[in-house]
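With chain P fixed as given, assemble chain V onto it according to the hints.
Just so you know, the protein sequences line up as chains P and V, in that order. Just so we're aligned, residue 1 is where the first sequence starts under full-length UniProt numbering, counting upward by one. Just so we're aligned, residue 1 is where the second sequence starts under full-length UniProt numbering, counting upward by one.
Be aware that one or more of the hints could be misleading.
[Claimed, not checked] Pairwise CB distance ranges (calculated): (1) P:L52 to V:G486: 41 to 47 Å; (2) V:L7 to P:R450: 39 to 45 Å; (3) P:R648 to V:A18: 51 to 57 Å; (4) V:H314 to P:A599: 34 to 40 Å; (5) P:R648 to V:E4: 42 to 48 Å; (6) P:A599 to V:V318: 45 to 51 Å.
[Said to hold, decoys possible] Computed list of lysine to aspartate or glutamate pairs in EDC-like fashion (alpha-carbon distance at most 20 Å, straight line): (7) P:K210 to P:D27; (8) P:K442 to P:E502; (9) P:K446 to P:E411; (10) P:K501 to P:D484; (11) V:K514 to P:E502; (12) P:K446 to P:D485; (13) P:K210 to V:E518; (14) P:K501 to V:E518; (15) P:K89 to P:D197.
These are calculated hints, taken from the structure and not from any lab test. Given the structure is predicted, the values throughout are model-derived calculations rather than measurements. Glycine included, every Cβ here is placed at the ideal spot set by N, Cα and C.
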Amino acid sequence: MARSTQKSLFTADLILPACRDAFHKLDPRELIRNPVMFTTATVALLLTLLLLIGRDGLAPGFKLQLVVWLWLTVLFGTFAEALAEGRGKAQAASLRATRAELTARRLKGGGDAYETVPASALRAGDVVLVETGDLIPSDGEVVEGVASVNEAAITGESAPVIREAGGDRSAVTAGTRVLSDRIRVRVTVNPGQGFLDRMIALVEGAERQKTPNEIALTLLLVGLTIIFLIAVGTIPGFASYAGGSVPVAILAALLITLIPTTIAALLSAIGIAGMDRLVRFNVLAKSGRAVEAAGDVDVLLLDKTGTITVGDRQATEFRPVGGTSAAALAEAALLASLADETPEGRSIVQLARETFGCAGVALPDDARIIPFTAQTRLSGVGIHGSVIQKGAVDSILKANPGAGGTAAATELRRITDDIARAGGTPLAVAKDGRLLGAIFLKDIVKAGIRERFGELRQMGIRTVMITGDNPLTAASIAAEAGVDDFLAQATPEDKLALIRKEQQGGRLVAMCGDGTNDAPALAQADVGVAMNTGTQAAREAGNMVDLDSDPTKLIEVVGLGKQLLMTRGALTTFSVANDVAKYFAIIPAMFVALYPGLAALNIMGLATPQSAILSAIIFNALIIPCLVPLALRGVTYRPMGAGPLLARNLALYGLGGLVAPFIGIKLIDLAVNGLGLA
Amino acid sequence: MTMEGWLLILAFTGLLIALAKPVGLWLFALYEGRSTPLHRLLGPVERGFYRLSGIDPEEEQGWRRYAVHMLIFNAVLMLFTYALLRLQGVLPLNPSGHEGTSAHLAFNTAISFTTNTNWQSYAGESTLSNLSQMLGLAIHNFLSAATGIALAFALFRGFARRSAATIGNFWADCTRVTLYLLLPLCVVVALFYIASGVPQTLAGSVDVTTLEGVKQTLALGPVAGQEAIKMLGTNGGGFFNANSAHPFENPTALTNFVQMLSILLIGAGLTFTFGKAVGNSRQGWAILAAMMILFLAGATITYWQEAAGNPVLHDLGVAGGNMEGKEVRFGIAASALFSVVTTAASCGGVNAMHDSFTAIGGLVPLFNMQLGEVVIGGVGAGIYGFLLFAILAVFVAGLMVGRTPEYVGKKIESREVKLAVLAIAVLPLVILGFTALASVLPAGLAGPLNKGPHGFSEILYAFTSAVANNGSAFAGLSANTPFYNGLLGVAMWIGRFFIIVPMLAIAGSLAAKKYTPETAGSFPTTGPLWTGLLVGIILILGGLTFLPGLALGPVADHLAMIHGQLF
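Chain V on its own, in the form it takes in the complex:
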């Protein structure tokens, strides 16, 4: 571990916290439907959209309508992408002449991008046409992110509104977030990437002769734009197979820093927006504080383990930390931090191969996802997932102050508890259930590259990543098979929408409740005590659920490594 490494982690954390408020305020304006400086420029575009599609942005929707509209929207987009991928061979903008993909790959990819997962069972540059990348996938990068933020808005309204029947308008939320936040931010960040050397071209690949005199084919494409939204929208689907480890996606240490920051930027801002929405900024800060504690703990462990390296290799005379699978231009600290950032959020973009991390270094990203990606988390999804935990935390411990549990002025009663438990139980059910299935079926056992606990980690990681809508891969797993494509596709779909629907039902139920004013006797949800409680509940619930799996995967792997056995 180096001083520079620690400074990087601390500078990153500090800057992220500093940016939470301005971003949160911008989001709050969109949440309230207020005008921003950009409305002068883009207002006509927004109104044009509504006119074209016959949407009345003022029309309020109850939670059921909000959910149905959201589901239809996502289903249509998914089918569109499926068709596009299957037919890309006969469609234009295909300079490299890629064929249409297999049915199971198209199924998997369409779900993957619709659910903000961006799990990629394929290598982008050798499988997809430019049209598929730009129209099929980039659209999802924007709209799945916008959907997430809209859903977070809906839940915020549930907490903020009193005796109300509605939680906003899905179309208006989605349009505003895309138009006034994601698009302009992407333009700025994409220009920065282009200036840093990331290609943005419609040309196909270029053949060059290297210094050794060998001919090499360099894949090019509209990378910069997709790279910007890939991070900002916590999508994570890279243009290239190597993702952000590829020099054309992530050329410099500075782009690396900006990429990490963009992953968590909107998620951190949303915590502040939540505080504003419920009328007490400290509520938002308390949540961000809990998230940052979990984040720093993860970053510390991973950095420590990666820097400590592998004792078996040390015995062989290879000194230093674990550099396997890492880009030399980023080094251990930036790679470790990136891995924690990308799994804390539901991004899944990687700048190093998590499969090559030490066992415990790889456990942290895995555990981050198993917690449901509530440490900052995916745009929108992180905060609404976190609020589900907050509801349970309030319910378990809230009774201890001698009152029916309340959170930000709303009583938490059986309906909310039931729905929150339902949403949270989806995670272990699908992750553990599907992993167990893959662990016994021959088609599943054919997947992992490595043997022993490390191979088990590969399977566990894949399903965790899919259900949590992360999309990062532990690598090592051959997932482009009908079995894995199909099962992972289902896992991603369940992991996204089986949490969203109960979450929206909670929003509806909360919105209808009366407001309970805070008194000296109310459960305090702003101080360090609450922050500590949140961290504790999340760790205990997450830890207890996944400990057996983790014990047989990374923990066994790690303990074996200490005893000199590698897998």
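So that you can see chain P by itself, here it is in the shape it has in the complex:
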């Protein structure tokens, strides 16, 4: 599942099963889901019968070749779909193996008594006991205990994660392994509905339903097929007026080359491959609809921490108060931070050493460390009877009531406001009840993120930063990161309200979240990406789950959604544009016997009417496997405005689709004649 295990597109172990499945998919019940390919198969069947009984003056060898290429057209289509599914199937097989070996220790009553049952016997509400080395038998919520869990089976990431009762890290997934401690897990899903089951179904494409856009596209393709059926079906009447007739085999060839077989053959492969790209990106979409919606997103709600800024703030400045020198403040801050192993603490040490040469300062052996607690919300150190504290300004003032009304306190307030306005977080430092000054902790905006937002803006996507910071800090970071808007001191309710407001304006909103209180907003958003480390509620509410729990990925998810839609559009345009050349191959070949003058339309200079028709049908068939890699990889996607993007793709797939078959058919014609096939 990990990105490192990506498989190349065409390896023998993928292609061989796909070839076999291509034939299985000829089952009419499955084929009818794709009306264009069903039409092609029907025509192929009809011609096969005609081959046996028909007498139309055409050489049997020629007709046989037509029939073979018609069947190949169908088979190439089913092969493309099978190949796209194949990669998912391999993943599903290993997941299935994991699921099969799961057993559970189901607790009876309130005590420690349990019975061992297969995981499939578990029902939502059961409580199971999981100990070191056990595989977690079912999705659930930790109700008691803490454990480190290896979730590599799902995420591909082997570093263990902590799962504990209560809070936002209580969700566990079936198939993951407990590495230490024991936990009690309340099962939240019934068999067959768990995360693992859904993942198997997803990667296998078994439950794949057509997405709204796919349905609309299929309707268009059916419409085109009907129009071409009319266009071809009326030709015998026209020909009879001209005093001739056109053999059914030739009409069939014209019909199949005209109807949009190329895009129809690749349509479901494109959809499956799009989902597969997400999966390989370690994001699970619960429906294809969500992937399409990602392409349409107008507004991205991004959490500040971890997405826009690196999670850790860094000290950038010392601001002394009350006559203290900056050097003295730096030394005190250094001493108070030497034992602080947080990234912020380490950054204070580094800053003090680099700017004030406190290189030699070290903690004496008898120093008493004051650890950070949630109650005091400060930390520090006691050295030879004197105490240095550092912490949030309010906490320091609370811990040192005497410093409250002093001039230094007033000055500190002013400085800390300045820091907040500049987008930083102030930490106050006090020594023995006296305020020394403040440390400027700065949020570090991720490198390159500003450019990313610039790209998004070009694509017409607005970014909104969500943060718990006060508006001053938020505004400053927002300006530095280049987001379009921000929501400060955001509560989950604020988020939900913002999403609703944007949606009322007709915009589609994407967000990511992990907490239970994010769940309503995740459900409301058009694209809600839940972090895998999040709670079960969040994972249920979102329509995608990011197994890496990396909120930055939201941006890539949008890109993948766009790529999926673009691939569909590009191949549709290509397919329709192809028809022009096919007409120029077949029309003169078909009618030249009626009106010899029409030979002038044979602008490709194809050798004989037979070779022209054969070349068109061969091109029509071969273009499908040629485009399979494009369908599976997706068209190249670069973030840019819609105008240039359209110009580029129109030139590539529109004009290219117009010109390519002229060249292709001519080359095939040369080959066909060179080999003496017609």
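Chain V in isolation, oriented as in the chain P frame:
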């Protein structure tokens, strides 16, 4: 080809584009139901109508109600005309004493005028009484045009409204368009025609002695008024059989120019109205630009081919362009331009005989109609037909920007695609289907005058003209038979209403949608790229559908001509 010829085409195009905005603004006022300067004068008439018929013009209709009311209205008018034509022999205002028409001719004519087609299987002056012309046909000239414009308004509202259940009131739209646009414009243009020498009288025919001393009967009648609405409403049904080639319908080069301009005037204005309705004039200009590209391409090809003339005749020592079937007072350029104008729109009035055009010169009018007359097109019908193509164009190529396709703020989804395909497929189904039928049945084969591909073109042209509601004839086809009258009548009916109903359903579906604001990531539907895409999609879809037919008709005809064979 002459400099004068090119100047005529360019001056015409320039003037048309210049007039699009003022006409479009006037139409926009009617679209919004706002007051115009004419309301002071005609407002009481409008209100009188509503009171008389018990209509509340403010009552909004959903698409189904709008469609049903429109259909009933048209059905009643059609039955009325049918009865009138059958009974004209016993009704007044029949100075020339014409008999009631045959059942199949009345059927064909009633449908023809109801559907804004004005296909005429008869010669007006020798078949219809003045009452039939004025009451039976002129009424349709106004109301079929008003119906078309009302329907365009309904579709515009579909695009413009947000989360709405209704698309306007059919009766109010129809009344306003007739009263504040068609009638006043007609009065002005008719006065101009009268001043130019077009007769407007209730008298019958006049017998005169010509310079050669021969007695000749000159048919007269209320021509000028009918001529005005014939062009403005893209109807095309002439008072005389010779249509606008007749000196009493179209006496001078200036009337000829005004006639061409009136054909496209309202259609071009509606593109601007659309832009205003959706809140971005550039959307309208982009559509007009695409239309004008197709128009100029057609005009250029036809003019070039007609001016080049016939090589077979050149070999016989007849120099110059193709003047067969053209009026000497108009010449090649004005005739070629007229033929493209009248088929770009669903007018069908002619000032030359398209049957006598060169093969490719005649292919352009034919192809114009097969595209569904979306190059400016019939009043209302042109723009709504064009918007159906726009929906498909957006859908095919719109995905390439990586978003669900949107057009002027509305997402295009399966329902719209389904309905648009349905509406567009009607054209090939009926045109090709009926042509194939006529090509194999003895009753159909009896129609065409010429043999070979040219005869086939005559049949193809007739059904194309009927389905596209154009009404121009390729001539050469003897169509006043039960077979052709009946089949063409059905073709006209299907060609009009089987497109309108899905189109209204699209309007309803779009109106109900939320508005999607345009962003830098939205598919751009205003620039040259979009215009080019529209042209491409229309040509490819139209071309691919009709190429086999065209190849066996005009193309084979043309290639045979090059090889010295004429049909």
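We went through each hint and held it up to the structure:
no., hint, result
1, P:L52 to V:G486: 41 to 47 Å, "holds, 42 Å"
2, V:L7 to P:R450: 39 to 45 Å, "violated, 57 Å"
3, P:R648 to V:A18: 51 to 57 Å, "violated, 35 Å"
4, V:H314 to P:A599: 34 to 40 Å, "violated, 23 Å"
5, P:R648 to V:E4: 42 to 48 Å, "holds, 44 Å"
6, P:A599 to V:V318: 45 to 51 Å, "violated, 28 Å"
7, P:K210 to P:D27, "holds, 19 Å"
8, P:K442 to P:E502, "violated, 31 Å"
9, P:K446 to P:E411, "violated, 32 Å"
10, P:K501 to P:D484, "holds, 16 Å"
11, V:K514 to P:E502, "holds, 12 Å"
12, P:K446 to P:D485, "holds, 17 Å"
13, P:K210 to V:E518, "violated, 27 Å"
14, P:K501 to V:E518, "holds, 17 Å"
15, P:K89 to P:D197, "holds, 13 Å"
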